[in-house]
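Asks: Got chain A sorted already, so can you dock chain B onto it with the hints?
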Amino acid sequence: MASVGIGGFYRQKKRGEVAKPTPKRSGTGKSAAVALSFTDPDQSPVLGAIAEHGKTASAVAFEEERLRQFDLDMRYGPCLGLSRMERWDRAAAMGLNPPADVEAILLKSSAAAADCHWEGRI
Amino acid sequence: MRVDVEMSGGSPKLLERKQAVYRNLDERYEIHGEKYKGQQYSHIYFTRLHYMRNLLYSLVPKWKPNLPVNTVLGLEEEKECIIVGTIYKHMKLKPSILDEYSKERSKVPLAKPHNFVHPDDHLILEDESGRVKLAGSLLDPSAFVTGIVVALHGKETSEGKFFVLDMLEAGLPPQIKQPPSLTEDKFVVFVSGLSIGSSTFNPLQFQLLVDHITGHLGDENEQTFASQIVHFIIAGNSVQILQGLLNGQTIAPRDQSTLTEPIKELDILLNQLAAAMPVDIMPGPSDPANFSLPQQPLNRCLFPGASAYNTFISSTNPHQFELDDIQFLGTSGQNIDDLFKYSEAKNKLEFMERTLRWRHLVPTAPNTLGCFPFTDRDPFLIESCPHVYFVGNQDKYETTLLRGSDNQSVRLICIPKFCETGVAVMLNLRNLECHALSFSTSLNV
Numbered sequence: 001m002a003s004v005g006i007g008g009f010y011r012q013k014k015r016g017e018v019a020k021p022t023p024k025r026s027g028t029g030k031s032a033a034v035a036l037s038f039t040d041p042d043q044s045p046v047l048g049a050i051a052e053h054g055k056t057a058s059a060v061a062f063e064e065e066r067l068r069q070f071d072l073d074m075r076y077g078p079c080l081g082l083s084r085m086e087r088w089d090r091a092a093a094m095g096l097n098p099p100a101d102v103e104a105i106l107l108k109s110s111a112a113a114a115d116c117h118w119e120g121r122i
Numbered sequence: 001m002r003v004d005v006e007m008s009g010g011s012p013k014l015l016e017r018k019q020a021v022y023r024n025l026d027e028r029y030e031i032h033g034e035k036y037k038g039q040q041y042s043h044i045y046f047t048r049l050h051y052m053r054n055l056l057y058s059l060v061p062k063w064k065p066n067l068p069v070n071t072v073l074g075l076e077e078e079k080e081c082i083i084v085g086t087i088y089k090h091m092k093l094k095p096s097i098l099d100e101y102s103k104e105r106s107k108v109p110l111a112k113p114h115n116f117v118h119p120d121d122h123l124i125l126e127d128e129s130g131r132v133k134l135a136g137s138l139l140d141p142s143a144f145v146t147g148i149v150v151a152l153h154g155k156e157t158s159e160g161k162f163f164v165l166d167m168l169e170a171g172l173p174p175q176i177k178q179p180p181s182l183t184e185d186k187f188v189v190f191v192s193g194l195s196i197g198s199s200t201f202n203p204l205q206f207q208l209l210v211d212h213i214t215g216h217l218g219d220e221n222e223q224t225f226a227s228q229i230v231h232f233i234i235a236g237n238s239v240q241i242l243q244g245l246l247n248g249q250t251i252a253p254r255d256q257s258t259l260t261e262p263i264k265e266l267d268i269l270l271n272q273l274a275a276a277m278p279v280d281i282m283p284g285p286s287d288p289a290n291f292s293l294p295q296q297p298l299n300r301c302l303f304p305g306a307s308a309y310n311t312f313i314s315s316t317n318p319h320q321f322e323l324d325d326i327q328f329l330g331t332s333g334q335n336i337d338d339l340f341k342y343s344e345a346k347n348k349l350e351f352m353e354r355t356l357r358w359r360h361l362v363p364t365a366p367n368t369l370g371c372f373p374f375t376d377r378d379p380f381l382i383e384s385c386p387h388v389y390f391v392g393n394q395d396k397y398e399t400t401l402l403r404g405s406d407n408q409s410v411r412l413i414c415i416p417k418f419c420e421t422g423v424a425v426m427l428n429l430r431n432l433e434c435h436a437l438s439f440s441t442s443l444n445v
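From first to last, the protein sequence lines are chains A and B. First residue of the first sequence: 1, per the UniProt record's numbering; consecutive thereafter. First residue of the second sequence: 1, per the UniProt record's numbering; consecutive thereafter.
The following block holds chain A by itself, in its conformation from the complex (with noise of 0.2 Å):
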């Protein structure tokens, strides 16, 4: 019978639980268009957990975060099925001037995650 508390042994929250983050609606309420915002670091729940582990801003982290802003920044097209390099190289050559010191990171380390960040996750 268990009338004790299985609260003890039986862990009912994830440990580092993140809350995901709500989309951001427009400014009428009513509007059906709905927005999608995933550079706001406020929202994006990967900044979220670096903050709660309480990280300092390494100049791995950092790298690691500047990479993940690109996946996410719409402008650029989706980010998963392509390598990081190939989507920074399709960015180039539609026009869309894609950050120079993402380059700079993508080229300087071979492994540093050359798939975007949702690729296996997804």
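Fair warning: there could be bad hints in the mix.
[What the hints assert, rightly or not] Below, in silico cross-link-like pairs of lysine-lysine (DSS-like), each with a Cα-Cα straight-line distance of 30 Å or less: (1) A:108 <-> B:35; (2) B:155 <-> B:92; (3) A:108 <-> B:37.
Calculated from the structure, these hints are not laboratory results.
Replies: Leaving out everything else, chain B in the frame of chain A:
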């Protein structure tokens, strides 16, 4: 290539076949070792929207110079503006894979309709920031399909829909100026839907066509006429393999010949044709090529006899080429047949005109027509207007000359299925006029 003519009481006169300068432009449709890495179709839609949006942004100032251009996200209520995006048509009758799992079967009709258009279909405009339903009576959903990019002038209503006041399509693309007309008549013959191997194929009928074109029939007049034919295009569906054999079961050796018979027969006929003039063969829906567009060229191993000739060209579907500087663009029919299923028009030529005005060869790909998930380009965008635009495997022969606002002129041709109609199409390169070439083997006409 020479055709011998026996003149009555005299030495044989030699007629030389005319030639035209041919340039194959199929490179954009070939898959150059691009691998499928599990990507989805969002990339094609992104590149399509990007290209068409830049194009439409350049046209908007001439159309409505004083209105602001917004993204879907930036719409404000009751403020007139222009938005550019991809159309999505929500169709009630469109078959969905999920219908198989739905508990209520009553919605799915038992008989499959040929056309999925329904009065309740409505349009939605979408760009990266969001999507908005379109309201107003200006746009008739039955004339549109998912996948085209347009600019809309209107305003947001209190319900959150976009009330459309006006629409701008990209219009016919600019055309490379047609070279000065040739002095002599040169003809191109189009044929499609041979369906060798099917019950409707009549070998005598096609043999008549081959003999006529290669100059083995008729008197001197006929042969002179035949010597003016410079190119032969087969626009898809050359073979038809019995569906029952293709269900994955192993076939007994004695039955294996039924698989290869149609292709062998086609090779023999192509051999005769390739010996006489340049032949382009395009794959179609029933040919042994890949299913999704762009279909890759039929493998040369299938045609051991014909591929020995350098006049034999196996091309992609869609097919783009140049003959004496005249631009040709054509498909084996999948693009127009798909438009026919999901929208309405008075005839197939109107569908063809719409694809040119939308500047996209296959607007319904990848929504309802399979295509390869390209990541960096959309090869079906029409960047420059062809002089001749042909579509194969249609029900009947139709043609018209389409004129654009910028002095473009395009010859639109619907090539009928040869196995059903016995009709091939001849195009005169000098003046882009078309006529039908009809073959019949029945004795009681």
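Asks: A separate judgement is required for each hint: does it hold in the structure or not?
Replies: So, going through the hints one by one against the coordinates:
no.: 1; hint: A:108 <-> B:35; result: holds (26 Å)
no.: 2; hint: B:155 <-> B:92; result: holds (26 Å)
no.: 3; hint: A:108 <-> B:37; result: holds (24 Å)
Hint check: no violations occur; every hint is consistent with the structure.
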